[in-house]
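Enquirer: Residue numbers (my numbering), protein chains in the order written: chain D, 662 to 1372; chain A, 662 to 1372.
The hints are simulated quantities; they were obtained by calculation from the structure and are not laboratory data. Some hints could be false.
Identical copies look the same in the list; a pair holds intra-copy or inter-copy alike.
EDC-like, lysine to aspartate or glutamate: derived pairs with alpha carbons at most 20 Å apart [said to hold, decoys possible]:
id, residue 1, residue 2
1, K1333, D956
2, K990, E939
3, K1333, E983
4, K1333, E780
5, K1347, E790
6, K957, E1331
7, K1333, E1344
8, K1027, D875
9, K844, D720
10, K1347, E780
11, K957, E1324
12, K759, E773
13, K1333, E763
14, K737, E716
15, K942, D875
16, K711, D756
17, K1333, E1348
Protein chains: 2
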Amino acid sequence: MPDVHKYKERFTDFRHRVAYTGRELLERSRKWRSFSTKSPSNCDVVVTFKRGTSESQVDWISNRLQARIPELLFTKTFHSGTQRPALYLTCSFNDLLKGAREVRLRKRLAPEFGGEMQEFCIEDCENFEGFFDHETFFTSSERQAIVRYYLMSLRAMAGDAWDDDIKFSQGQAIMPVLLAAGKIATIFPLHDREALAMLHNSWVRGFTHRQPLDAVAEYFGVKIALYFAWLGHYTTALLIPAIFGLLCWLIVPAGKERALHYPVLAFFTMLWAVFFQEVWKRTNNHYTYHWGTLDKLPSLLEQPRPLFRGVLEPSPITGRLEPFYPRWKRNLIVCFVTFPITLVCLLFVVVVAIAHIKLQEYADLKSSSWRFRGATLVPFLPMILYGVNITVLNAIYHKIAVHLTEMENHRLDESYNNALISKLILFQFINAFYASFYIAFYRMDLALLRHHLVTTLVIRQIAGNLKEVFLPLGQTRIRQVYLSLRADGFPTLKKDDLHTPGTEASDGKSSPNKSTETKITRAEQEEIMPKYDDATNDYLEMFIQFGFVSMFTCVFPICGLLAFLNNILEIRSDAFKLLTNFQRPFSETARGIGVWERAFEIVSYVAIAVNIGLIGVSGSIQALFPGLTTHQYILLLIAVEHILFALRFGLSHIVPPIPFALERSIAILEHKRREALRTLERECRKEARRVSDENDSPDYPSDQTSDIDTP
Amino acid sequence: MPDVHKYKERFTDFRHRVAYTGRELLERSRKWRSFSTKSPSNCDVVVTFKRGTSESQVDWISNRLQARIPELLFTKTFHSGTQRPALYLTCSFNDLLKGAREVRLRKRLAPEFGGEMQEFCIEDCENFEGFFDHETFFTSSERQAIVRYYLMSLRAMAGDAWDDDIKFSQGQAIMPVLLAAGKIATIFPLHDREALAMLHNSWVRGFTHRQPLDAVAEYFGVKIALYFAWLGHYTTALLIPAIFGLLCWLIVPAGKERALHYPVLAFFTMLWAVFFQEVWKRTNNHYTYHWGTLDKLPSLLEQPRPLFRGVLEPSPITGRLEPFYPRWKRNLIVCFVTFPITLVCLLFVVVVAIAHIKLQEYADLKSSSWRFRGATLVPFLPMILYGVNITVLNAIYHKIAVHLTEMENHRLDESYNNALISKLILFQFINAFYASFYIAFYRMDLALLRHHLVTTLVIRQIAGNLKEVFLPLGQTRIRQVYLSLRADGFPTLKKDDLHTPGTEASDGKSSPNKSTETKITRAEQEEIMPKYDDATNDYLEMFIQFGFVSMFTCVFPICGLLAFLNNILEIRSDAFKLLTNFQRPFSETARGIGVWERAFEIVSYVAIAVNIGLIGVSGSIQALFPGLTTHQYILLLIAVEHILFALRFGLSHIVPPIPFALERSIAILEHKRREALRTLERECRKEARRVSDENDSPDYPSDQTSDIDTP
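Using the sequences provided together with the hints, build the complete structure.
Expert: What follows is the structure, encoded as structure tokens:
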């Protein structure tokens, strides 16, 4: 009896707690926007350690930071909610200036000097726009990028070791290794509430407006802004097949197509795909020029990835020690390790897909003859099994791909990402399309294909959007509940040793009277949010969608319309999730959408083959040439396919990727650089010659020395 | 009777003359190398006018030259042999220096300043290697290029007209228009006998040595040197299929191939083609870096073609007036004029080819039933007819292609050439291969194909070499005979008006005592030689050959060997013809082999399709899978073809096109340019700021101003 009471009491307590937490969460999410919008002044970037990391380990890091990267200012603290020690990092303004130069940050010149984007330069910092307001000169994302640069440049010296677990080699970057080993839980920059609120208004709610891409580029960096620019461009482009497809679908009822219906749709889609891609290249250059990232450094001048391994040698360009790794080694690994392993994995997926198809057929066949209860559910079993399989395989393959790409040891983040994404794309492509291909080309059942396409597309898109928005949101909410419960029940360990700067969190206007509340600081609130890796998954979703549109429009004309409707939502839901569900990502620059451009191009070639295949299966051309035998018919289609390949290739050269005005600006800049170097070198040589022999009389008067300074 | 005597006399006279001329020619060709090797001092470039051009017309030009291009020094003269007025052009050393800057000539710095190739610069001319010897500082080809630049920059003013025939519009380039209209017969630079003799020894006779490519680049320019570099690379690469093909041919007798024989050979050839092309890109960059042309100017900075039309506007970069022409106009012309017309022409050729095939079949069929004398010759009639047809069509098509490309109004010589060559390639490709394709894929007779290939290849190659070497040689010899006869018989018109500088010719050591001899000056001797347009025809020959090797090696394995043997000769015969048969071409720079790279790449894709087709025709795979129906067999082959396409595409990314050391040098240069511009701009801004407000105190000490001058 007292036991029952006890349980009852506990249960009531638990119920109350949950109810409280629920109320509190609701309240907090209402309060979200009324929180203090000013970032804490001592924190641009937060580093949190693994649970149970001892104070001495945190000190090990902080001592090294203090000694080797004196530019970083840090505050040691302890997140009582998540039970993790943390470091809050920032920089003084002068060190930000220094860092800005090292990361080759581009800032806008003051209007009186032309107002162009230019690499920041300490020596004439006062000529950059807004320099004299030290608080606002660097945007929050710029500050964070610089602080992160400093943090990542912490390199090991001989004998450095983290607790006997991890031994560092000379010159190895310390933070990425600890992060990869899980010793450091997260490294993330803090959100800027004010900017968030503005983006929320202009971006997520501004359904009818253009996306505020400049603001996005400023807050999230050019790389993410380019994703949204691309998505906007793609969605606009989808209008054309959407309208065209809808008209086709309305005029010609499915199953009653004329002979020319398929070829016309296929050809039209091909043309659309070419021009969508080529015009994007132009748009891309327009944006990147505007954002100052079009002008690409030679890759050897770019910062190597922190995890890039190699023998330390002085850089021939800057003179600083940098790791070097011979290209032939990477090539060997790509040829003899990456390529075969990837191939085996892909073959395995194909085998699993085929096995699934066979199983499905077997289940479909048998279920009708079985007479037990639930026999009608049997056909769904293989589907579920495959779903589980593919999720597991996907996770495993992703691990393998990351591992292989790590092994390839790319020097730049860009090439690392490209190599990784290339591997993922193939896998996802097979997963997404094997069933459609099977139905189209093995079963040759176009009606079934249409049925399959509509379910797949709609399910994929609805599921995708829900997953994207609500999964991380739910994750965050659950973690918040957990955090609240836990902060309530656990003692705050080591609070006496570590300074807890709870002040930032409690300067919110509506600070509640519960004591637990004050301990959940802003950094902790963001710590529990999931990390936004990059736009890879979003691109992947669009990539698959583009595959459906470009490959299957001819049998299922409203593909384009479905995609278009989805994407109108997609833009806003992607924006919403970035603004509310995720930790703020570090700002990254980019010149374009990278490997995706190539991937879309390849798909549009594959689409030609698939379209021709579908025309073949539909037999619509056969109706036009009734005299042909089967193999003549196939040869005819193949010939047409090859001509279309050639045409696709030719068309891709018609749209000049760089607008003329832009080309001119680039040429002018290049001209200035060349002339500047000549001027400088000339002066150098003149000086050298004057010093070495004073009695030499040059044959030619050198009165035109500085004629190019004032063009 | 007296009449007969008269005729007899005349005939004797004529016989004597011919005999004399023959002797004289023999003698002269022996004397060729003993002629004075020093170029006439008043002549770098020769301009000769149309026969019958009046003195006032020549004066019209020379007055304009004098007034508008004061840098050019010219001598008016009259070539009595060819009856053409001529201008001999040269420049003073100082004007050469000025011109060198304007054409952005690259010269080598003196060793104490690093010895790199750099754009020539008047302001510190003394720092370039060998500057103080004014006679030798510029090579003959450099002098000629500069003189030509000046000549071509003669532009019309309002109201300029050549004899009411040709009205010039404001700013139009005069010389190219007159050249195109035939008013000017030729513009050519003089050969340098000494350099020719050296090249003769080291290049044509040095059969076992490497080609003296540096000397070739110096004498003929980088563009021609790159052709020979490419030809050398290709020939070396041919060794592999030559040996492999020979082994196959020796081991497996034709007609007794096993099932895997064709696929193995086809796959091997594909691999070879990829690597040959990718390694070439690397070699190309190696050479062009060495010759100083790798570093490409933005195309807007390059000199427009003299025939480029457009509205004159001040260049935003250099400030000089330059013609502008909007890109969209060119695109419209390409899409709606060039493309349809080219297509029609190609279709016409295809129709002619098919008609020829039908005619041939008809003749073959009938000739056996006909019973008149010469009936056995009937099968050769269609062949001859086709030969005539195709020669005529070729000439017409060439005219059309030139005209269309002129209409497209390309700004740069490079893009003009690329556009023209692209058009020619397609035509030649159809001509060269229609018969092989017909035999392979329509008649499906591989034995006949082999027979056809061996005759075609051998005949093509022998005929090609003979035509290349002996046709221009014969042409020159015939013209020399004609010249001698004519110089003998004709009075030297207008000799009293025009100054004839016969002195250059007669300073040959073996000046004969006949008076006619003295009138045939060196300039006249070279005037009658044919013009070497560029390497297009040589590339075209190799392009067709590469087509044979890459497409037909699998059915005819010794293709590679035949090509290899031919090319060993080809290199030397091409060299020989350049050195002895042609007018010296103007030196031109190039970054690579241009559109040919793309063309070879496309052929290697086409080759995949052709190889798969040949495997299909051979039925060798069918033997491996006897269970397949015809259309399954076709689908299998198509699948393999598509996989090979993808593989070919993937493989082309394996070889990095720029060697690492080179990449580093390029990056260093780029870095220096950027930093130099920043330094200069910084100084400018500092100056501007100092002037505008003196009482502003900068926040940051600017003590690091010149830290990058001494890296």
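Enquirer: If a hint holds in the structure, say so; if it does not, say that too.
Expert: To see whether the hints hold, each was checked on the structure:
1. K1333 x D956: Classified as both: same-chain Cα gap 14 Å, cross-chain 15 Å, threshold 20 Å.
2. K990 x E939: Answer is between; shortest inter-copy Cα gap is 19 Å, intra-copy 35 Å.
3. K1333 x E983: Between. Shortest inter-copy distance 19 Å satisfies the 20 Å Cα cut-off; intra-copy 30 Å does not.
4. K1333 x E780: Both. Shortest intra-copy (15 Å) and inter-copy (14 Å) distances satisfy the 20 Å Cα cut-off.
5. K1347 x E790: between (36 Å within a copy, 15 Å between copies)
6. K957 x E1331: Cα proximity of K957 and E1331: in one copy and across copies (12 Å, 11 Å).
7. K1333 x E1344: Both, since 16 Å and 14 Å are each at most 20 Å.
8. K1027 x D875: neither (59 Å within a copy, 78 Å between copies)
9. K844 x D720: within (14 Å within a copy, 88 Å between copies)
10. K1347 x E780: For K1347 and E780, the Cα distance is within 20 Å only across copies (16 Å; inside one copy 29 Å).
11. K957 x E1324: both (14 Å within a copy, 14 Å between copies)
12. K759 x E773: neither (24 Å within a copy, 35 Å between copies)
13. K1333 x E763: between (23 Å within a copy, 16 Å between copies)
14. K737 x E716: The answer is within: 10 Å in one copy meets 20 Å, while 95 Å across copies does not.
15. K942 x D875: For K942 and D875, the Cα distance is within 20 Å only inside one copy (18 Å; across copies 40 Å).
16. K711 x D756: Classified as neither; 29 Å inside a copy, 74 Å across copies.
17. K1333 x E1348: Result: close only across copies, 18 Å inter versus 22 Å intra.
Comparing the model with each numbered hint stated earlier shows that hints 8, 12, 16 do not hold.
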